[in-house]
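Let the hints inform the model, and build the full structure from the sequences given.
Quick note, the sequences are listed as chains A and B, same order. Per my numbering, the first sequence starts with residue 1, numbered consecutively. Per my numbering, the second sequence starts with residue 1, numbered consecutively.
Treat the hints with care, as some may be off.
Facing chain B, according to a computed beta carbon distance under 7 Å, are these residues of chain A, among others [stated by the list, open to error]:
| hint | residue |
| --- | --- |
| 1 | S82 |
| 2 | P162 |
| 3 | I185 |
I should point out that these hints are in silico values taken from the structure, not numbers from a laboratory. Don't be surprised by glycine CBs; every beta carbon is placed ideally from N, CA and C.
Each chain, written out:
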Amino acid sequence: MPEIAPLRRIVSKAVPLPLPNIDTDIITPMERIMDGKFVEFAFEALRFDADGAPRPGCALDDPAYRDAEILIAGANFGCGSSRETAVWAVKGLGFKAVISESFGDIFSSNCFRNGIVPVVLPAAAITALLDAAQSGETLTLDIERRVVEQEGGDRYGFEIPPLRRTALLEGLDDLQLSLRLADEITTFESRDRAERPWAQGVAMESERPLGTARKPE
Amino acid sequence: MTGTMFEKAWAEHVVKPLGGGEDLVWIDRHFTHDLSGPFSLKSLQEHGLALRRPDLTIAVVDHGVSTETGRSEASTPASEKLMPLYRDLTSQYGVRLFSIDDERQGIVHVVGPELGLCQPGAFIVCGDSHTCTQGGVGAIAWGIGSTEVVQVLATQTLIVLRPKTMLVRIDGATSPGVGAKDLILALIAKYGADGGSGHAIEYAGTAVEALSIEGRMTLCNLTVEFGARIGFVAPDEKTFDYLMDRPWSPRGEAWTAASAHWRWLRSDPGATYDKWIELDAGAVAPQISWGTSPAHTVAIDGVAPDPAEAPDAATAEAWRAALEYMALRPGARLAGLRVQNVFIGSCTNSRFEDLERAAEVVRGRRVAEGVRAWVVPGSQSVKRQAEAAGLRDVFVQAGFRWREPGCSMCVSMNGEKVPPGERCVSTSNRNFVGRQGPGARTHLASPETAAASAIEGRIADARSYADGSRHA
Ligand code: SF4
Chain A
1 MPEIAPLRRI
11 VSKAVPLPLP
21 NIDTDIITPM
31 ERIMDGKFVE
41 FAFEALRFDA
51 DGAPRPGCAL
61 DDPAYRDAEI
71 LIAGANFGCG
81 SSRETAVWAV
91 KGLGFKAVIS
101 ESFGDIFSSN
111 CFRNGIVPVV
121 LPAAAITALL
131 DAAQSGETLT
141 LDIERRVVEQ
151 EGGDRYGFEI
161 PPLRRTALLE
171 GLDDLQLSLR
181 LADEITTFES
191 RDRAERPWAQ
201 GVAMESERPL
211 GTARKPE
Chain B
1 MTGTMFEKAW
11 AEHVVKPLGG
21 GEDLVWIDRH
31 FTHDLSGPFS
41 LKSLQEHGLA
51 LRRPDLTIAV
61 VDHGVSTETG
71 RSEASTPASE
81 KLMPLYRDLT
91 SQYGVRLFSI
101 DDERQGIVHV
111 VGPELGLCQP
121 GAFIVCGDSH
131 TCTQGGVGAI
141 AWGIGSTEVV
151 QVLATQTLIV
161 LRPKTMLVRI
171 DGATSPGVGA
181 KDLILALIAK
191 YGADGGSGHA
201 IEYAGTAVEA
211 LSIEGRMTLC
221 NLTVEFGARI
231 GFVAPDEKTF
241 DYLMDRPWSP
251 RGEAWTAASA
261 HWRWLRSDPG
271 ATYDKWIELD
281 AGAVAPQISW
291 GTSPAHTVAI
301 DGVAPDPAEA
311 PDAATAEAWR
321 AALEYMALRP
331 GARLAGLRVQ
341 NVFIGSCTNS
351 RFEDLERAAE
361 VVRGRRVAEG
371 VRAWVVPGSQ
381 SVKRQAEAAG
391 LRDVFVQAGF
401 RWREPGCSMC
411 VSMNGEKVPP
421 GERCVSTSNR
431 NFVGRQGPGA
441 RTHLASPETA
451 AASAIEGRIA
461 DARSYADGSR
471 HA
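Pasting the structure below:
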């Protein structure tokens, strides 16, 4: 389970990565998950050519963006596999926030659970922020006020569910949160057992051997 | 009050509203597989936490295991490493494990529905993005990350931001040779790989009703490729007929009560959705992907696009990179491209009906010289059924390899890969860079298209097989 540090405000340069549909297989390919080098080789296909030589011009390795904590990504960032390694790799590269027009839903949820903030902004704002990132501007991302600010003062408000915001600000994790609701869970569980007996309880005790079932054979 | 099925199912799973659209919800079934399961159970143990409902937790092996005939747990480095841990932890926690020696083993999303573990309206999660497949029987099923997996193990609940609702209506009659896979690929090509982001999708319309339950699972399988976590088809008489008498389906009075409840769950007439889109099934031809996103898909007689005609600079760059990776020129015809590999399998298209459709094309023909063609059934049950129906013989006589159930070349973490630079027509769901192995070039298609391509050694239009005109 990830350690989550409270996150209030990020003041940093931003790495521009405008390609749409960057999937979690690109972020952490299965080969690199298996050999344990998924942070070192995060975004491998974008950063290295087929012979393993660094691709010139890849913003992720550009020294101009050293220590950047914000990633500005193309639409549908983090689509594909549910692998949480993708978020761990983004975090491992030093990012605390990803800004995009849209995210893969599972990736976005995984971000929150690792203390990374996925910020959704409209296309026009993304275009402006990509420009700002490319010219080396420092951006300010304020989670408390839910706003991204450019150096010149242009600002873009974003939405974030209130509980997620609190969790980020205080470094809370869902497990602790829900363990605290154990009584409510138990109450629900017994009521539901009576109301939907086919869904729990009897249902799971009533397995028939495959051979006696009409199906699936 | 009129409501959608999603809203009704959601309401009956809320343990506690947490404000701002987030709720603590109850989880009815939790599947784990051999990649996500062992580490999550270990993490639970390291936290000193109990597994709240081992009876609602089901462990399956599919990702890392070999699919070679005569396999063992030691056949691949991944399963050799993961299986002892998985076996040990599932037995300590009292979780059912369908291992490779179990007659119920198979790909998690194939096994759940066929055993009757998945029910309409049930909330089902798994640390795997294609959990949405189970929406084919009407389940509200979605993929979760590994942190969420630990929470479900410990509490049988999750904190979830309630997605918005979307109705995808697919009406009209499909032409011969066009199936569920083509419908969903066409939908993604039309509306984009993020067309469903943030929504729970209900598929409806005459073309969806006409699909078998297995076809509906194929349709729901690619929901995540459409940007959404959840996609389902409301249960109808076909669903009930499919579920009745499955090993874990309710029986007797419980069945009567359950099926009445499932009928009630269906969206009410006049229920409203946050978003509403349509697809004309009659206008859909067999589909083939050309690039590295499922949205990079065209009709089988289509061509690769020209980045110069892309709607914006980022898309142009993505197309250019995809064309380079796929070794295609703008305007290149897809049909006729030489292929070295054909993979019929994965949780998208490895059920009995998929194999039957592919076998119809293959029957009495030979796989082309130089093509490695595999059929990997989705489960032991599918395999037995296909063998009993003579499908295995059809494939083997044609020169296909007939293998044991598992994910295999869909994700290649068990070492079963497409070699670098080679092309593969695959019935799986992802044509991502390196998905089938580093440098592998994947073309997503239906089982019929994959079968026809194996026969011709080139990407082929399966419709020319429908009337038997090319019979050898
Ligand atoms: S078959 Fe492929 S998509 Fe399906 S669960 Fe296995 S790896 Fe995932």
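Against the structure, the hints come out as follows:
Taking 7 Å as the C-beta cut-off, the interface hint given for S82 (chain A) holds, the closest approach to chain B being about 4 Å. Using the Cβ-Cβ criterion of 7 Å, the hint placing P162 (chain A) at the interface with chain B is satisfied: the shortest such distance is roughly 4 Å. With 7 Å as the threshold, the beta carbon of I185 (chain A) comes within range of chain B, its nearest partner Cβ sitting at about 6 Å, so the hint holds.
Consistency note: the structure conflicts with none of the earlier hints.
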